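So you can see what is in the structure, the chains are spelled out below.
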Amino acid sequence: MEPELKPALIPTEAELLREGLTARSDTWARAVWRRFTRNRMAVIGLGILLLLILISVLAPVITRPLGWGRDEIDIRYIRADPSARHPLGTDSAGRDNLVRLIYGGQVSLSLALSTVVIYMVLGSVVGAVAGYFGKWVDNLLMRLVDIVLSFPFFILALTIVAIRGPQISNLVIALIILSWPSPARLIRGEFLSIRERDYVEAARAVGASPLRIMFRHMLPNALAPLIVNATLDVAYIILTEAALSYLGFGVRMPIPTWGNMLSEANNMAVLADKPWIWVPPGLMIFLTVMCINFLGDGLRDALDPRLKE
Amino acid sequence: MKRYLVLLLLAFMVILAATPTSAARPEQKYPVTFNGHPIGFDVEPQNVNGRVFVPFRAIFEKMGAKVYWDEATQTVSADREETSINLTIGNKTAYVNSNPIQLSDAPFIKNGSTLIPLRFVGEALGGTVTYDPATTAIAIVDLKYPKRGGTLNMAMWNKPDGNFHPEVASDTYSNWVSGMMYDGLWRYDAHIVPQPALADGWDWDASNTILTFYLRPDAKFHDGKPVTADDVIISFKGMMHPKYVGPRNSGWDALMGYDDYTKGINGETKANFEKGVVTATPLAGLYKLDDHTVVFRLAHPDAAFFITQTVFGIIDGSKYTKVPVQEWGLASDPYNTKAPNGTGPFKMTEYAEGQYVVLVANDNYWSGRPYIDKVVWRVLSSDVAVGEFKLGKLDIAEAEADTLDYYRVMNNLKIAEFPDLVYQELMFNWAKGPTSEKAVRHAIAYGIDRMAIIHNLLKDHGGTMYTPLHPLLWAATEDVEKYGFNPDRARQILDEAGWKVGPNGIRVRDGKKLHIKMTYPNVGNPVRRATAPVLQQMMKDIGIEVELVGYDWPTINTKVFDQKDFDMLMIGWQVVFDPDPTGMWDKSATAQGGFNAGGFVTDESERLIKEAKTNPDIEFRQEVYRKWGKLWAEELPAYIFYAKNTTMAYNDRVKNFNPLPGGLYYWNLEELWLSK
Amino acid sequence: MRRYLARRLLQVIPILFGVSLVLFVIVHSAPGNPYAYLFGPRTDPALKERLMREKGFYDPLPVQYVRWIKETATGHFGYSLRNGAPVLDQIMERLPRTLLLTSTAFLIAILLAIPIGVISATRQYSLVDYLVTSFSFMGISLPSFFAALVAIYLFAVTWRIFPSNGMIEAGQPHTFWTVLYHLILPAFTLGLRDLAAYSRYTRSSMLEVLRQDYVRTARSKGLAERTVVYKHALRNSLIPVITLFGFSLPGLFGGAIIFETIFAWPGMGLLSFEAVGNRDYPMLMAVNLFFAFLVITGNLVADILYAVVDPRIRYA
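Sequence lines, in order, name chains B, F and P. Residue 283 in this note's numbering sits at position 278 of the first sequence, with consecutive numbering throughout. Residue 754 in this note's numbering sits at position 653 of the second sequence, with consecutive numbering throughout. Residue 348 in this note's numbering sits at position 239 of the third sequence, with consecutive numbering throughout.
Worth flagging that the hints you see were computed from the coordinates, not collected in a lab. Incorrect hints may appear among the rest.
As the list claims (entries may be wrong) - Cut-off 27 Å, straight-line C-alpha distance, at most; resulting in silico cross-link-like pairs (DSSO-like, lysine-lysine):
(1) P:Lys179 / F:Lys665
(2) F:Lys583 / F:Lys601
(3) P:Lys164 / F:Lys344
(4) F:Lys364 / F:Lys777
(5) P:Lys164 / F:Lys423
(6) B:Lys279 / F:Lys515
(7) F:Lys711 / F:Lys728
(8) F:Lys439 / F:Lys344
(9) F:Lys641 / F:Lys560
(10) P:Lys179 / F:Lys364
(11) F:Lys660 / P:Lys164
(12) F:Lys344 / P:Lys179
(13) F:Lys420 / F:Lys448
(14) F:Lys376 / P:Lys164
(15) F:Lys448 / F:Lys777
(16) F:Lys423 / F:Lys389
(17) F:Lys533 / F:Lys560
(18) F:Lys371 / P:Lys164
(19) F:Lys731 / B:Lys279
(20) F:Lys376 / P:Lys179
(21) F:Lys583 / F:Lys731
Model, not experiment: these values are computed from the prediction.
Model the full structure from these sequences, guided by the hints.
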């Protein structure tokens, strides 16, 4: 429930900020954090996730002692079984699987994170504009949203990547094109409900510009569901990349991702006899997605106490 | 491996040299069949003093026995299951499981083959032997061997297009299915030598421009109608028709009247021509002498014509009087899958689009009823292949070399591996960009460790090849520069050409980096995909910066073959059984969409390619191609990595499975049988 | 309600129009010649050129779009570039199979998820609840193709309970039972993700409802726990679950691509995957448009269901 603000007289903008936002942000954040830390799985999830991110960032440093570069080819050891030389064996071009596993997180995570951040921002802006201005602007943008939401997500993503080529940028673009409507719709909904609220009316009355009102006053209130959605979407994007990789339309070699490493296990026999090929990347995807889901769950509970069990 | 190649090569040389060029209508003196399947001989059966003698090895191998020759004792022997047979040259006593049998006459040797009295064949392994004095045909029939019946389960790793029309089928699986349903005028035998099929003979005239086919009088369509000259004419005219859309619309230029036909000047009535309806109206270069004799007439000799243009299946022309050529094999063609009427060993009974094809044996097949009753060819994901074999739901399938280990461990499976007409190359842009410089091409070639690629990436499932003249063909030559791995030489060549090593190890000339874009298909063939980064690393070692550009096929078609927008391209080719490089390496192939995308043209090369076609004499052509190969290797418009083996896995219950290169994996399907 | 329905139905047309336009631009912006496969290695380039011109490959995009729209408006979706068969015929043949697969997957998911969710909600923090929660987390965290391969490995190859692929057995009578037998494994693995998601959703929705005043009232009136849970709480907690139907459609269709590929299930997913690989433009357009239409319809149905189930919602 939003705090009810009942100003006795028309407040200045500064007062508005203090009451509506600033005052909230401090204690609110603390409350959220308190609620969040009470969820043990979410904290563990966050911890593991941070660790994975750290490993990915430090991949060049961590892999140095292993003695192999990310794309370095060991020509006499192609599709090799695990050995002291290559602890997790090598892939079809003789590259060290362990090194690539460590690097794999870089692309998998940064691809998912950047994609989600971009389309969340894009979608939020569209949603905010639609929600704030209403009328024909809203109508037009929402029809656009309807159109994009009608696309079968995966099939069109596949089509775009297949047609535009397998560069990572095309994958990101495809995912952005297809994903921005959800946050747009969400933000618009929140805006529609917030815009009639007193403090926004008040801000408008003191002559604050629409932009200012939108981004300083309204957006922060709509942030909670957005953050939760974004978190869960990161998991979804990681899985989508893996699925596209399986069909041969994900991030292409030589760039390693957990998804395309896992897709080397596209064969019953590999599955049965060569676990070192698929278990590590599979485990990493599973772990990451699971942690993100725990984190998202925890965030939801923390940000929106109504759902607190 | 190497020896096998050489042996095969010899076989080709010997036999191709003897084939289509000069044969008169072949008259087999004593045609022999086993259970209806014709037996081919190196040495023909002989009549000595009114008694018929037949070659031991050819007949007993056809009957499923293993045949041995002991030089010291002059003994031939054959083993089949529990039975073993021994005969000694010049000795009238033969042994079947050590029981002596008296022969009417002693075996003797002629031209390296052992000939034995015909009657003994039946006495040795069972079955009945009949000799028809009127036709001189010898029929061996054994109702107990081999086992008849059963269903052969095969897998298609991709969905076939579903166009099984023998003139139009374009993808591999559609072609195979089509091949089971439709016979051509001739077909390849186990030695990849053309043998009679619907035509029981053919000949060229002395000028090498008139090719006459004599149709087998007993060849019938599945519905019992005889195959006639009109059917042949309609089949072939279809591929020449301007409205024809399919992979067989080229190579007809030499045929007389072809140009006029494509322009609608003659060959069809105006109304039919516009509609695309093909009739049996003759062309100047394609006509019948009678209902069973068809003539192809060329304006000038074309040595490749027989092999590349006359191999296609024959359709029942009477069915196609209303179906225009542009609809052949499409959904609107009722004779594609709904009511096909072929001539081949199998008949299609069910086609579930995207799922499977069911074919049953043609009881009246002219070349003997198939031993198996039914073939079920299912569309499967290759990811589940191992599982399907394990479950016994799959009998034969092509297996990628990198999956063989999984098949090897299954003890009910066998692996067939043989060199195939497929090779992988690195095509250079010969006309523009950094690779248009010969020194750069040579340096790249010396910088590639070919043997490391064959050994480590291909896991030795292939062999070396240095020019587009494939080692399996008689035109192959090794008397060329082979560009063995020599990185120092590569560096030296680049240094001499002015490409000096720059600060980061990349060579520079006139301020320009030696940067080469390598386009490669990032779909399909996993070994080729893995080769790209390996090559990149090898090039880095000699100071060339290679940028990898992966595309799918449609993009490669446009970028490389249409727009020539590339420096180097990794690509694989499958060659046909004639070495003629026209369409691959000549000037005509440099046009937009042509396969000579690099633009390799020299006057000498053009001259040699044309010259080689003017005379079908094998030795003459060999000589010309030897020169051309040398020139090609010196110019090096492409670097050939390797010739690839084909590997297949099959259930050991499948007997007589003998896949041949060039896509002839299922050439003898009617003689396959299932032991379980 | 009727007016609402009419308005929603009318909206479908401009949306489909927009979808087709976006699709057309995306599909036709592809580099690469979709007709390339038509030609053999030695095809005369002039002949190639002529055929391409006849097929309208060189026409400007707007012209091609108008031509396409005109054809489509008459209910004709053109011919497949690959095998020349009418696109609509192929889609109509395959659509029922995909609907069968996806709806079975959805049904399996929902029919299992609701009881699982309810049980785990009513026994919050019990062992069952713990197991259900971890299962659902695993379910949504596992890459789908991977789950399918593992399922085939276990159920088809190792234990030989179900067939590993296909829809019917070649050369055998095609009965309802054979199809059902082939359907179970792909449908179950396809539904797995939704099963996990729905059971979670049902659980939290149920928990929320159980805390509501009227449930407390019902409890305090002394109604049996069973009545409270199944009569009052379940019904209300199902309302949000229904909306999931609309949401899960795109996911199910997307999954159909992967699962139809792995299981060789000859439906729309496999068709669209092949169309992508072949650059079969007319097929790609039609398949995507059909999927879009299905998604829109699905959402519409979900909205209507929502209105029917929840008496508080009135559409004007």
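**Request:** Assess, step by step, whether the Cα of Lys641 (chain F) is no farther than 27 Å from the Cα of Lys560 (chain F), and give holds or violated.
**Result:** holds (23 Å)
**Prompt:** Under the criterion that the straight-line Cα-Cα distance not exceed 27 Å, is the pair Lys179 (chain P), Lys364 (chain F) satisfied?
**Reply:** violated (33 Å)
**Request:** Take the C-alpha atoms of Lys371 (chain F) and Lys164 (chain P), compute the straight-line distance between them, and say whether it is at most 27 Å.
**Result:** Status holds; Cα separation ~23 Å.
**Asked** Regarding the pair Lys731 (chain F) and Lys279 (chain B), is the alpha-carbon distance no greater than 27 Å?
**Response** Not OK: Lys731 (chain F) and Lys279 (chain B) at ~46 Å, beyond 27 Å, violated.
**Prompt:** Between Lys448 (chain F) and Lys777 (chain F), is the straight-line Cα distance small enough, at 27 Å or below?
**Reply:** holds (23 Å)
**Asked** Within a Cα-Cα threshold of 27 Å, do Lys423 (chain F) and Lys389 (chain F) meet the stated pairing?
**Response** OK: Lys423 (chain F) and Lys389 (chain F) at ~22 Å, within 27 Å.
**Prompt:** Between Lys376 (chain F) and Lys179 (chain P), is the straight-line Cα distance small enough, at 27 Å or below?
**Reply:** holds (25 Å)
**Message:** Hint check: Lys279 (chain B) vs Lys515 (chain F), CA-CA at most 27 Å. Holds or violated?
**Reply:** holds (22 Å)
**Asked** Holds or violated: are the alpha carbons of Lys711 (chain F) and Lys728 (chain F) at most 27 Å from each other?
**Response** holds (13 Å)
**Message:** Tell me if the straight-line CA distance from Lys583 (chain F) to Lys601 (chain F) falls inside 27 Å.
**Reply:** Within the cut-off at roughly 25 Å; holds.
**Message:** With the threshold set at 27 Å, check whether the alpha-carbon distance from Lys344 (chain F) to Lys179 (chain P) stays at or below it.
**Reply:** Holds, at about 25 Å.
**Message:** Run the distance test for Lys179 (chain P) versus Lys665 (chain F): straight-line Cα separation, threshold 27 Å.
**Reply:** With Cα atoms ~36 Å apart, Lys179 (chain P) and Lys665 (chain F) exceed 27 Å; violated.
The structure does not agree with the numbered hints 1, 4, 10, 17 and 19 stated previously, though it agrees with the rest.
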